[in-house]
Amino acid sequence: MVEEVLGRLSQQYGPFSWKPRLEPVAELVTTILSQNTSDTNAARAFQGLIDRFGSLVEVTSARTEDIELSIKVGGLASQKAVYIKGALDRIIQYQGNLSLDFLRDFSLEEAKSWLTSIPGVGKKTAAVTLCFAFGMPAMAVDTHVYRVTKRLGVIKEKTTIDRAHDLLEQMVSPEKIYSLHVCLITHGRQTCKALRPLCSSCTLADICPIGKTQNIKSHTET
633 MVEEVLGRLS QQYGPFSWKP RLEPVAELVT TILSQNTSDT NAARAFQGLI DRFGSLVEVT
693 SARTEDIELS IKVGGLASQK AVYIKGALDR IIQYQGNLSL DFLRDFSLEE AKSWLTSIPG
753 VGKKTAAVTL CFAFGMPAMA VDTHVYRVTK RLGVIKEKTT IDRAHDLLEQ MVSPEKIYSL
813 HVCLITHGRQ TCKALRPLCS SCTLADICPI GKTQNIKSHT ET
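One rule links them: number in the working numbering = place in the sequence shown (from 1) + 632.
One thing to keep in mind: the hints can contain errors.
What the hints assert, rightly or not - Computed spacing ranges between beta-carbons, pair by pair: (1) 737 x 649: 23 to 33 Å; (2) 845 x 686: 45 to 55 Å; (3) 790 x 690: 38 to 48 Å; (4) 655 x 741: 19 to 29 Å; (5) 785 x 687: 43 to 53 Å; (6) 647 x 701: 38 to 48 Å; (7) 741 x 634: 19 to 29 Å; (8) 697 x 799: 35 to 45 Å; (9) 710 x 634: 17 to 27 Å; (10) 692 x 737: 16 to 26 Å.
Just so you know, the hints here were simulated from the structure itself, not pulled from any lab data.
Glycine is no exception: its CB is placed at the ideal position from the N, C-alpha and C atoms.
All chains should be built: construct the whole structure from the sequences, respecting the hints.
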């Protein structure tokens, strides 16, 4: 089913080919900032960080309180400031400089394990960093991916979001993971919305339990 979903969504929204979005450390920091907020707010918070300190290298010697002030627009600033400072310190402690390029030599599982050993870096944050910065086949599951795949029945309703990362990653070949991630996010934002899904215009309606129900209901009412 996942292959069918990917094929249809790629035809509608894609195709999507991987290209690096940010350099790896910036990707990690931005993804930490995106936790429990929108990508727009995360980008604004990251820009606030750079405007205040000039570079991420300078952030490493900053006080947590000052980091917090610079990222307030992203929400949960006190918590995220601690996570960001801790992550940058961990990288320097391990690598000797502010670079995550050493992860290129790791296997996918080793890279995930290293990143998730950092406080504040969970499966989603690690997967986004590895997928978007390195092109590794790590499946990131955000709220859109989680919602769409549950509605489709690709994963069970009671599946946790952490478990969904592992399950979805196993359902397609590695070279298709990036495209699947972007297709599902795009579909979640544009069509399979949280409150009012547009089932009548959904390209997946005939293979989606909820889509079928909604369309039958719509026809009955008319």
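> Can the suggested window of 17 to 27 Å be confirmed for the beta-carbon pair residue 710 and residue 634?
Replying inline: Since residue 710 and residue 634 have Cβ atoms about 39 Å apart, the given range 17 to 27 Å is violated.
> Taking the CB of residue 845 and the CB of residue 686, does the distance hold inside 45 to 55 Å?
Replying inline: Holds, since residue 845 and residue 686 (Cβ atoms, about 54 Å apart) stay within the stated range.
> At the C-beta level, are residue 785 and residue 687 separated by a distance inside 43 to 53 Å?
Replying inline: 46 Å Cβ-Cβ, so the 43 to 53 Å window holds.
> Measuring from beta carbon to beta carbon, are residue 697 and residue 799 in 35 to 45 Å?
Replying inline: holds, 40 Å
> Cβ-Cβ distance between residue 647 and residue 701: within 38 to 48 Å?
Replying inline: Given range 38 to 48 Å: holds, Cβ gap about 42 Å.
> Is the gap between the beta carbons of residue 737 and residue 649 within 23 to 33 Å?
Replying inline: With a Cβ separation near 24 Å, residue 737 and residue 649 satisfy 23 to 33 Å, so the hint holds.
>> Range first: 16 to 26 Å. Now tell me if the beta carbons of residue 692 and residue 737 are that far apart.
In response: Check passed, 23 Å falls within 16 to 26 Å.
>> Can you tell me whether the CB distance of residue 790 to residue 690 sits inside 38 to 48 Å?
In response: holds, 45 Å
> Could one say that the CB atoms of residue 741 and residue 634 fall in the range 19 to 29 Å?
Replying inline: holds, 21 Å
> If you check the beta carbons of residue 655 and residue 741, does the distance land in 19 to 29 Å?
Replying inline: holds, 23 Å
The structure does not agree with numbered hint 9 stated previously, though it agrees with all others.
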